[in-house]
Amino acid sequence: MSKSIVPVAVAGILCALGSLAAVAAPDWSKVPKRDLHVFHAGVTPIEWATKKSDHSGSAGMRKGETCAGCHEEKGALNFNFKRLADKELEPKGAPKTMTFPLGFQAAYDKDNLYIRLSFKAPSGGADKGDKDNEVKATILFADAKVPQAAQYGCWQTCHTDARSMPGADDKKTKYTKEGAYELVQWASKGNKVSDGSVTTERKMSGGGTGAKAEASKSGDTYTVTFMRKNPGEGKALPFGIAIHADNSHGRFHHVSLGYTLGVGVNADISAAKF
Amino acid sequence: MTDNDNRPGALAGLWATLRQPSSKYSLLTIVVIAFFGGITFWGGFNTGMEATNSLEFCIGCHEMRDNVYQEYRKTIHYTNRTGVRAICSDCHVPKDWTHKMVRKIQASGEVWGKITGSISTPEKFEAKRLELAEHEWARMKANDSRECRNCHSFEGMDVEKQKLRGSKMHKIGIAEKKTCIDCHKGIAHTKPKGMKEDDDE
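Top to bottom, those sequences are chains R and W.
The first sequence begins at 469 in the working numbering and counts up by one.
The second sequence begins at 33 in the working numbering and counts up by one.
Some clues are possibly wrong.
[As the list claims (entries may be wrong)] In silico DSSO-like pairs for lysine-lysine, Cα to Cα no more than 27 Å straight-line: (1) K228/W with K531/R; (2) K160/W with K519/R; (3) K560/R with K106/W; (4) K613/R with K560/R; (5) K531/R with K173/W; (6) K555/R with K225/W; (7) K613/R with K519/R; (8) K209/W with K531/R; (9) K564/R with K596/R; (10) K645/R with K228/W; (11) K210/W with K531/R; (12) K56/W with K520/R; (13) K146/W with K550/R; (14) K640/R with K657/R; (15) K193/W with K555/R; (16) K520/R with K132/W; (17) K613/R with K564/R; (18) K520/R with K146/W; (19) K203/W with K146/W; (20) K531/R with K203/W; (21) K531/R with K193/W; (22) K519/R with K146/W; (23) K519/R with K132/W; (24) K195/W with K519/R; (25) K195/W with K741/R; (26) K520/R with K223/W; (27) K520/R with K136/W; (28) K550/R with K132/W; (29) K519/R with K136/W; (30) K200/W with K132/W; (31) K640/R with K225/W; (32) K160/W with K195/W; (33) K550/R with K136/W; (34) K210/W with K225/W; (35) K195/W with K501/R; (36) K639/R with K685/R; (37) K209/W with K520/R.
[Stated by the list, open to error] Some, not all, of what chain R presents toward chain W, calculated at C-beta under 10 Å: (38) W496; (39) K520; (40) E541.
Derived by calculation from the structure, the hints in this document are not laboratory data.
All residues carry an ideal CB built from backbone N, CA and C; glycine is no exception.
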């Protein structure tokens with residue numbers, strides 16, 4: 469019995485070390501960090517964001533303006549958080565912390581792209597729909613067929629009829645009308661890593677990124693490091709981040725605006741080559 | 033003879049009296065009386081007109097006090113860092129006399145609404161909110177947001193000193209010759225549900 473366990477355990481440890489070695493490959497102390505901010509967006513799906521009577525900034529969006537172009541100001545987000553927390557846009561109840569900073573670092577080598585997120589996940593959420601996971605960190609990468617992906621980030625997957633939206637079908641996941649997103653997620657229970665996609669529906673497996681992740685918690689700060697296949701040098705990947713804090717699920721996350729991540733090219737954020 | 037038979041004769045007599053030169057009062061007396069009478073009448077008329085422009089008058093009815101006034105009190109037009117307050121009439125009644133008179137005459141129709149109780153309960157008000165708002169938006173659109181521009185103007189606006197999103201949107205607004213109400217619906221009151229999208233994109 470014990471003889472059979474030992475090789476398995478050794479193999480497991482080696483795999484874990486291999487995984488850690490791969491994920492931890494960049495010297496993060498030499499990779500520039502940018503503070504992004506994630507926020508509770510309430511019920512503001514793409515239909516809301518692009519409707520003039522709901523969002524006057526939609527006129528700017530139609531002119532090619534990015535969400536961050538108007539709403540990221542002086543190192544923070546300039547949203548009217550009082551409005552976002554109000555019953556109209558958050559009928560269930562807003563979290564106590566509407567926005568928090570998230571350290572973002574990215575680096576790449578010829579095979580992989582590495583992304584490191586560091587953040588303090590706030591408590592005081594209004595929804596605790598995920599009993600299993602205290603925290604989840606998700607990144608979506610849009611392909612070239614997603615319309616205005618560089619402007620809207622994840623919003624092209626966020627729809628008024630998707631689950632956890634008021635009155636929506638609980639079985640309808642996030643989806644895109646055109647194009648596809650790669651989805652990588654780390655969940656705190658069992659350090660589970662998902663490599664999925666969002667097309668006509670969201671799938672938590674079957675993705676092509678080869679995603680791996682590791683996470684640690686120091687004090688109240690989480691550090692989550694993702695490794696995925698290098699999408700190809702010379703690409704600027706539109707992406708967005710979601711943090712589900714305090715056992716939240718569905719739309720009760722804190723999300724980033726949309727940015728582009730440059731792999732060997734200039735973009736909103738350029739990954740460091742090592 | 034009936035009363036009806038007498039009426040044309042009485043009116044004709046009154047008209048004849050009015051046309052008859054005075055034999056009792058001097059021209060000076062008549063001019064002085066007319067002058068001061070005119071001032072009194074005009075002053076009284078304008079005082080009455082201004083009274084109907086006051087915030088207190090506007091919220092004298094519970095329909096305004098309990099609904100739109102409560103919403104307005106939470107907005108920047110009621111309380112702000114500079115202490116400049118725009119009251120109901122600043123936005124909803126023209127400043128110049130001619131347009132003001134036209135608006136006041138139009139507004140007299142609201143008396144009928146009061147009598148019939150068309151918005152007498154919160155439910156009735158909500159049911160009419162969109163229609164009422166659309167009337168006001170149409171008026172503001174047609175006059176190039178004239179009442180907004182009593183205080184705000186693109187000429188006096190330094191968009192570089194504004195916050196980012198306001199600055200970017202105002203640059204678009206200036207370039208596309210937008211008017212204030214194109215974007216600022218709901219700035220002082222709750223936006224109605226079921227708003228139609230504008231056709232002027």
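Verification of the hints:
Only pairs whose Cα atoms come within 27 Å are accepted, and K228/W paired with K531/R is accepted, the gap being roughly 21 Å. Straight-line distance between C-alpha atoms of K160/W and K519/R comes to about 22 Å, which keeps the hinted pair within the 27 Å bound. Under the criterion of a C-alpha separation no larger than 27 Å, the hint pairing K560/R with K106/W is consistent with the structure, at around 22 Å. Between K613/R and K560/R, the direct Cα distance comes to roughly 34 Å. Violation of the 27 Å bound is thereby established for this hinted pair.
The straight-line distance between the Cα atoms of K531/R and K173/W is roughly 22 Å, inside the 27 Å bound, and the hint therefore holds. The straight-line distance between the Cα atoms of K555/R and K225/W is roughly 14 Å, inside the 27 Å bound, and the hint therefore holds. A C-alpha spacing of about 22 Å is found between K613/R and K519/R, which places the hinted pair at or below 27 Å, so the restraint holds. Restraint check: the Cα-Cα separation between K209/W and K531/R comes to about 15 Å, which is no more than 27 Å; the hinted pair holds.
Pair hint K564/R plus K596/R holds up; C-alpha atoms about 13 Å apart against a cutoff of 27 Å. Under the criterion of a C-alpha separation no larger than 27 Å, the hint pairing K645/R with K228/W is consistent with the structure, at around 24 Å. About 15 Å separates the Cα atoms of K210/W and K531/R, which keeps this hinted pair within 27 Å; it holds. Annotation: proposed proximity of K56/W to K520/R is violated, straight-line Cα distance about 72 Å (limit 27 Å).
For the hint pairing K146/W with K550/R, the CA-to-CA distance comes to about 34 Å; that exceeds 27 Å, so the pair is violated. Distance restraint check for K640/R and K657/R: the Cα-Cα separation of roughly 24 Å lies within the 27 Å cut-off, and the hinted pair is therefore satisfied. For the given pair, K193/W sits about 32 Å from K555/R by alpha-carbon distance, which is inconsistent with the 27 Å threshold. Our distance criterion of 27 Å between C-alpha atoms is broken by K520/R and K132/W, whose separation comes to about 31 Å.
Distance check on the hinted pair: K613/R and K564/R sit about 37 Å apart at the alpha-carbon level, beyond 27 Å; violated. Under the criterion of a C-alpha separation no larger than 27 Å, the hint pairing K520/R with K146/W is inconsistent with the structure, at around 33 Å. Among the hinted pairs, K203/W with K146/W is inconsistent with the structure: their alpha-carbon atoms are about 42 Å apart, more than 27 Å. Restraint check for K531/R and K203/W: satisfied, since their Cα atoms lie roughly 12 Å apart, inside the 27 Å limit.
Simply put, K531/R and K193/W have alpha-carbon atoms about 22 Å apart, close enough for the 27 Å limit, and the pair holds. With a C-alpha separation of about 35 Å, the suggested pair K519/R and K146/W falls outside the 27 Å cut-off, and the hint is violated. A distance of roughly 34 Å separates the Cα atoms of K519/R and K132/W; the hinted pair therefore is violated under the 27 Å criterion. With a C-alpha separation of about 22 Å, the suggested pair K195/W and K519/R falls inside the 27 Å cut-off, and the hint holds.
Between K195/W and K741/R, the direct Cα distance comes to roughly 35 Å. Violation of the 27 Å bound is thereby established for this hinted pair. With a C-alpha separation of about 12 Å, the suggested pairing of K520/R with K223/W holds against the 27 Å cut-off. About 32 Å separates the Cα atoms of K520/R and K136/W, which puts this hinted pair outside 27 Å; it is violated. Straight-line distance between C-alpha atoms of K550/R and K132/W comes to about 36 Å, which puts the hinted pair past the 27 Å bound.
For the suggested pair K519/R and K136/W, the alpha carbons sit about 35 Å apart, so the restraint of at most 27 Å is broken. For the given pair, K200/W sits about 34 Å from K132/W by alpha-carbon distance, which is inconsistent with the 27 Å threshold. A C-alpha spacing of about 25 Å is found between K640/R and K225/W, which places the hinted pair at or below 27 Å, so the restraint holds. Using a Cα cut-off of 27 Å, the hinted pair K160/W and K195/W is violated, with the two alpha carbons roughly 35 Å apart.
For the hint linking K550/R to K136/W, the alpha-carbon distance of about 36 Å lies beyond 27 Å, and the restraint is violated. For the hint pairing K210/W with K225/W, the CA-to-CA distance comes to about 23 Å; that is within 27 Å, so the pair holds. Only pairs whose Cα atoms come within 27 Å are accepted, and K195/W paired with K501/R is accepted, the gap being roughly 26 Å. With a C-alpha separation of about 33 Å, the suggested pair K639/R and K685/R falls outside the 27 Å cut-off, and the hint is violated.
Taking the CA atoms of K209/W and K520/R, the gap is about 17 Å. The hint holds against a cut of 27 Å. Proximity of W496/R to chain W is violated relative to the hint, the smallest CB-CB distance being about 31 Å (cut-off 10 Å). The interface hint given for K520/R is met, as the beta carbon of that residue sits about 6 Å from the closest beta carbon of chain W, less than 10 Å. Here the hint on E541/R is kept, as its CB sits about 4 Å from the closest CB of chain W, short of 10 Å.
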